[in-house]
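Peer 1: Sequence:
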Amino acid sequence: AEVSPEALGRPLQAVISVRLQGHARARIGEFGGWLAGLPGVLNVFFLAGGDDFQVHVAAGSPDALRDFVVANLSASRDVERTETHLIFEHI
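Under the working numbering, the first residue of the sequence shown is numbered 493, with each subsequent residue one higher.
Worth flagging that the hints you see were computed from the coordinates, not collected in a lab. Hints are supplied without guarantee of correctness; some may be wrong.
[Claimed, not checked] Have a look at the derived ranges for each label pair, beta carbon to beta carbon:
#1 498 with 559: 14 to 22 Å
#2 519 with 581: 31 to 39 Å
#3 537 with 501: 23 to 31 Å
#4 501 with 580: 18 to 26 Å
#5 519 with 553: 28 to 36 Å
#6 496 with 518: 35 to 43 Å
#7 529 with 562: 13 to 21 Å
#8 515 with 552: 30 to 38 Å
#9 521 with 581: 31 to 39 Å
#10 501 with 529: 31 to 39 Å
#11 580 with 517: 12 to 20 Å
Since this is a predicted model, take the numbers as computed values, not measurements. The beta-carbon is built from N, C-alpha and C at its ideal position, and this holds for glycine as well.
When you get a sec, could you build the whole thing from the sequences and use the hints?
Peer 2: This is the structure in structure tokens:
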């Protein structure tokens, strides 16, 4: 069953690109599992290329999305950078 984020009070969706610091690469699988367990995370994609992960999240508001990024990603010593892309529509 697929549950609508809007029905859960989380109408704002985003995809966040995450690049890890070099020292964190030895724990990349563990980090991916940690990401998947965060509140509001719908999907985690492990990538090849410049970014290590894309994280699909649902949030209740722009402030809640900002707080998610700041508290969980920017505060992590393992994260080198993030880039947040808002989702306007799922087609």
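Peer 1: Please check whether residue 519 and residue 553 have a Cβ separation lying inside 28 to 36 Å.
Peer 2: Given a distance of about 32 Å, which is inside 28 to 36 Å, the answer is holds.
Peer 1: Given the hint of 23 to 31 Å, is the C-beta distance from residue 537 to residue 501 inside that range or not?
Peer 2: holds, 24 Å
Peer 1: Starting from the range 14 to 22 Å, see whether the pair residue 498 and residue 559 falls in it by beta-carbon distance.
Peer 2: holds, 19 Å
Peer 1: Could you see if the CB distance from residue 515 to residue 552 stays within 30 to 38 Å?
Peer 2: Since residue 515 and residue 552 have Cβ atoms about 34 Å apart, the given range 30 to 38 Å holds.
Peer 1: Verify the CB-CB distance for residue 580 and residue 517 against the hinted window 12 to 20 Å.
Peer 2: Cβ of residue 580 to Cβ of residue 517: about 33 Å, so the range 12 to 20 Å is violated.
Peer 1: Can you tell me whether the CB distance of residue 496 to residue 518 sits inside 35 to 43 Å?
Peer 2: Once the Cβ atoms are compared, 38 Å apart, the range 35 to 43 Å for residue 518 and residue 496 holds.
Peer 1: Do the beta carbons of residue 521 and residue 581 sit within 31 to 39 Å of each other?
Peer 2: holds, 32 Å
Peer 1: Do the Cβ positions of residue 501 and residue 529 conform to the proposed distance bound of 31 to 39 Å?
Peer 2: violated, 20 Å
Peer 1: Could you tell me whether the CB distance from residue 501 to residue 580 stays inside 18 to 26 Å?
Peer 2: Holds - the Cβ-Cβ distance for residue 501 and residue 580, about 19 Å, lies within 18 to 26 Å.
Peer 1: Given the range 31 to 39 Å, decide if the beta-carbon distance of residue 519 to residue 581 lies inside it.
Peer 2: The hinted range 31 to 39 Å holds for residue 519 and residue 581, with Cβ atoms some 35 Å apart.
Peer 1: Does the Cβ-Cβ separation between residue 529 and residue 562 fall within 13 to 21 Å?
Peer 2: The hint (13 to 21 Å, Cβ to Cβ) holds, given that residue 529 and residue 562 are roughly 18 Å apart.
Violation of the numbered hints given earlier is confined to hints 10, 11; the remaining hints are satisfied by the structure.
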